[in-house]
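So the sequences go chain by chain: A and B.
Once you know that position 41 of the first sequence is 41 in this note's numbering, the rest is easy, because the numbers rise by one and skip nothing.
Once you know that position 412 of the second sequence is 412 in this note's numbering, the rest is easy, because the numbers rise by one and skip nothing.
Please note: incorrect hints may appear among the correct ones.
What the hints assert, rightly or not - Straight-line Cα separation of at most 20 Å, SDA-like style, residue types lysine to any residue; simulated pairs:
1) A/Lys-64 - B/Ala-283
2) A/Lys-64 - B/Glu-34
3) A/Lys-64 - B/Glu-19
4) B/Lys-124 - B/Arg-33
5) A/Lys-64 - A/Val-41
6) A/Lys-37 - B/Glu-31
7) A/Lys-37 - B/Arg-23
8) A/Lys-37 - B/Asp-28
9) B/Lys-124 - B/Met-56
10) A/Lys-38 - B/Gly-29
11) A/Lys-38 - B/Arg-48
12) A/Lys-64 - B/Thr-32
13) A/Lys-38 - B/Thr-32
14) A/Lys-37 - A/Ile-24
15) A/Lys-64 - B/Glu-24
16) B/Lys-124 - B/Asp-94
17) A/Lys-64 - B/Ile-35
18) A/Lys-37 - B/Glu-24
19) A/Lys-37 - B/Thr-32
20) A/Lys-37 - B/Gly-29
To be verified - Stretch by stretch, here's where chain A covers chain B in the computed footprint (C-beta under 8 Å, at least three residues):
21) 19 to 26
22) 101 to 109
23) 334 to 341
Rather than coming from a laboratory, the hints here were simulated on the basis of the structure.
C-beta atoms are modelled at their ideal positions from N, C-alpha and C, and glycine is treated no differently.
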Amino acid sequence: MASLPEIGFLRRVVLFKDVEEQVILALWPSFHERRLKKGDVLFRAGDPGEELFLIKDGSIVVSKPVTGRVEQVLSRLAPGEVFGEMSVFGDERRRSATCQAEVDSVLYSLDRDSLNRFVASSPLAAAKFFQQMAQVAFKRLRDSSDLVAEVTRWGLEATGLDIEHK
Amino acid sequence: MSEVGDKTAEGRPKRTRIELLVREADGDGFETREIPSGVAYLHSRPQRIPDADWEMARLPYAPAGVVTYALKNRRTEQIIQITETEKFLWEQMDGRASLQEIATSYLLHFGSFDFEIIPTLIVKLLRADLLTMRPVSRLRAVLARNRRNPAARAMEGTLHALERLTVTSRRSHQFFERIYRYGGFLLFTPWAIALLAIAVGLGTISGIKIWNNLGEVTHGLASHPLVAILLVKIVFWLTVINHQIIHALACIHYKRRVREFGFTILHGFIPTFYADVTDIFMATRRARVVNAVAGPLFHLFLGGLCFWIATLLQPGLMQGFVAASAILQIQSFFISLYPFCFLEMDGYHILVELVGVPTLNHDSVRFVRESLWRRIRTATRLTRQETIGLAYFGLSLVSIAGFVLLNVWLLTSAGKS
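The shape of chain A in the complex, shown without the other chains:
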């Protein structure tokens, strides 16, 4: 369990932006602090996933295996950002990507059971929470499609392929 309620930090987390303070305080005991050293892998793509994470300090690199020891960096997450929500709320309860600490980092985790209790006890706050979660999901989707376009452009430039004229 996290030691002291950090309302100021949670207010900066987009998911809790509109949630009342007393609800956050009630939820706070469910958060667990995780400390990662630089280079530590929090989880790998394919691992079972039961919790989402909030970044308190540090930086998390999200990557997807490509070949051998090489992985494509999908994004780099900063303090206040949330990740790991796909295996908690998604239809597949496995991690879709690998997350590792780029520098020493501090995270807070929130498991599925705690989230379910939060939804049952505070439906109004949960609605605001999920509204923000939808925004996060939309942004992820936009970022993914941008990444696909960017990687395609990279491939065309890297191969010198002239698609317009052939």
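Once you have looked at the hints, place chain B on chain A.
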């Protein structure tokens, strides 16, 4: 990763970069690396197609002393023109040297470097499938992609079946060498030219006589229309075989290889005989012109001969048939030699030799499709090659329109009569 569509200060899109994470061998720790597309491009190792699939010959008609080469993809029959410096780069593209290494050796060899030359050459080589292999045709590629569609599947099956109708001999070279040795060589002597001149002379006189008695001659045909049409068609087909044999013999005469001889369904619907004499492109300009002219001249010779024979015959089916064959041969002579129709027939090959643009058809269509309107908008002066291409395109378009209109007129006239 940079934002999609990022622009530099000059307004050109930024080179993209991808970010990769590389784990350490023992599994502990990692490092991330940004790879710009430009770096990846420089590290790419272009590989030309296998040596057996391409050939190169120096072109004799270099403008202003510039040495150029014809580089041919033997599989697709596509030919591109490359310069001396591009030839140097092509020779480096063995799949082992990176573009960076190729650029370095270019600099060491020529003492200077033009940064656009490699990308330009690569685009040119890719278009001619000289660096990568592509499916047999765009149509086949599209059909293959849409196999779920029953119509596409049926069309692909039909094309496949038609392709199987192709009868070909890849060992025809020895056969034609024998024909050449046992008399074929005579076709390329002054005697053959003298004989042709006699046939043309006799044919002209005979043609005039037949024209004056046209009603009598055509009456023989009109009384046996079905037999007449079948006879004329069969004889014409036989002469098409001879036309192709003459091309093959010309190829042998200039010590080049006849790759194939056979029968095929051209474009999936035109049954025809063919001789693959594309090896002649690697010979001299004179050889290419002689090869192109030899086939049509055979029709001229036969046309003259048939006209003369027709005048010796009594009025009736045989005279009408021989005279009709003569007209068909003369028509074939002119059609084969007419260059402006987007089809690369004998006349087209002579034209490209005259103007010195080996890929005139392709270049002209591409220029009109991709660059002409921009050039008109910007009022930019056309180069010599562009002017030739535009003239070829325009004349071909007018010729096809004229041909279609003529046929419509003939059909409507026939309907009225």
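Taking the hints in turn, this is what the structure says about them:
1. A distance of roughly 55 Å separates the Cα atoms of A/Lys-64 and B/Ala-283; the hinted pair therefore is violated under the 20 Å criterion.
2. Of the supplied pair hints, the one linking A/Lys-64 and B/Glu-34 holds, its CA atoms being roughly 15 Å apart against a limit of 20 Å.
3. With a C-alpha separation of about 11 Å, the suggested pairing of A/Lys-64 with B/Glu-19 holds against the 20 Å cut-off.
4. For a cut-off of 20 Å, the pair hint linking B/Lys-124 to B/Arg-33 is broken: about 32 Å separates their Cα positions.
5. Proximity of A/Lys-64 to A/Val-41 is assessed by CA-CA distance (about 13 Å); at most 20 Å being required, the pair is judged to hold.
6. Simply put, A/Lys-37 and B/Glu-31 have alpha-carbon atoms about 14 Å apart, close enough for the 20 Å limit, and the pair holds.
7. Simply put, A/Lys-37 and B/Arg-23 have alpha-carbon atoms about 16 Å apart, close enough for the 20 Å limit, and the pair holds.
8. Restraint check for A/Lys-37 and B/Asp-28: the C-alpha separation of about 11 Å stays at or below 20 Å, so the hint holds.
9. The hinted pair formed by B/Lys-124 and B/Met-56 meets the criterion: a straight-line CA distance of about 15 Å does not exceed 20 Å.
10. For the given pair, A/Lys-38 sits about 8 Å from B/Gly-29 by alpha-carbon distance, which is consistent with the 20 Å threshold.
11. A threshold of 20 Å between alpha carbons decides the hint, and for A/Lys-38 with B/Arg-48 the separation of about 45 Å lies outside it, so the pair is violated.
12. A distance of roughly 13 Å separates the Cα atoms of A/Lys-64 and B/Thr-32; the hinted pair therefore holds under the 20 Å criterion.
13. Taking the CA atoms of A/Lys-38 and B/Thr-32, the gap is near 13 Å; set against the 20 Å cutoff, the hint holds.
14. Proximity of A/Lys-37 to A/Ile-24 is assessed by CA-CA distance (about 28 Å); at most 20 Å being required, the pair is judged violated.
15. This hinted pair checks out: A/Lys-64 and B/Glu-24 have alpha carbons roughly 16 Å apart, not beyond 20 Å.
16. Distance restraint check for B/Lys-124 and B/Asp-94: the Cα-Cα separation of roughly 17 Å lies within the 20 Å cut-off, and the hinted pair is therefore satisfied.
17. Of the pairs offered as hints, the one joining A/Lys-64 and B/Ile-35 holds, with about 16 Å between alpha carbons and a cut-off of 20 Å not exceeded.
18. With a C-alpha separation of about 16 Å, the suggested pairing of A/Lys-37 with B/Glu-24 holds against the 20 Å cut-off.
19. This hinted pair checks out: A/Lys-37 and B/Thr-32 have alpha carbons roughly 16 Å apart, not beyond 20 Å.
20. Restraint check for A/Lys-37 and B/Gly-29: satisfied, since their Cα atoms lie roughly 10 Å apart, inside the 20 Å limit.
21. Residues of the stretch 19 to 26 of chain B with a Cβ under 8 Å from some Cβ of chain A number 7, which satisfies the need for three, so the listed coverage holds.
22. Counting residues of the stretch 101 to 109 of chain B whose beta carbon lies closer than 8 Å to any beta carbon of chain A gives 0, which falls short of the minimum of three for the stated coverage.
23. Evaluation of the coverage hint for the stretch 334 to 341 of chain B: breached, as 0 residues show C-beta separations to chain A shorter than 8 Å, against a requirement of three.
Checked against the numbered hints above, the structure breaks hints 1, 4, 11, 14, 22, 23 and satisfies the rest.
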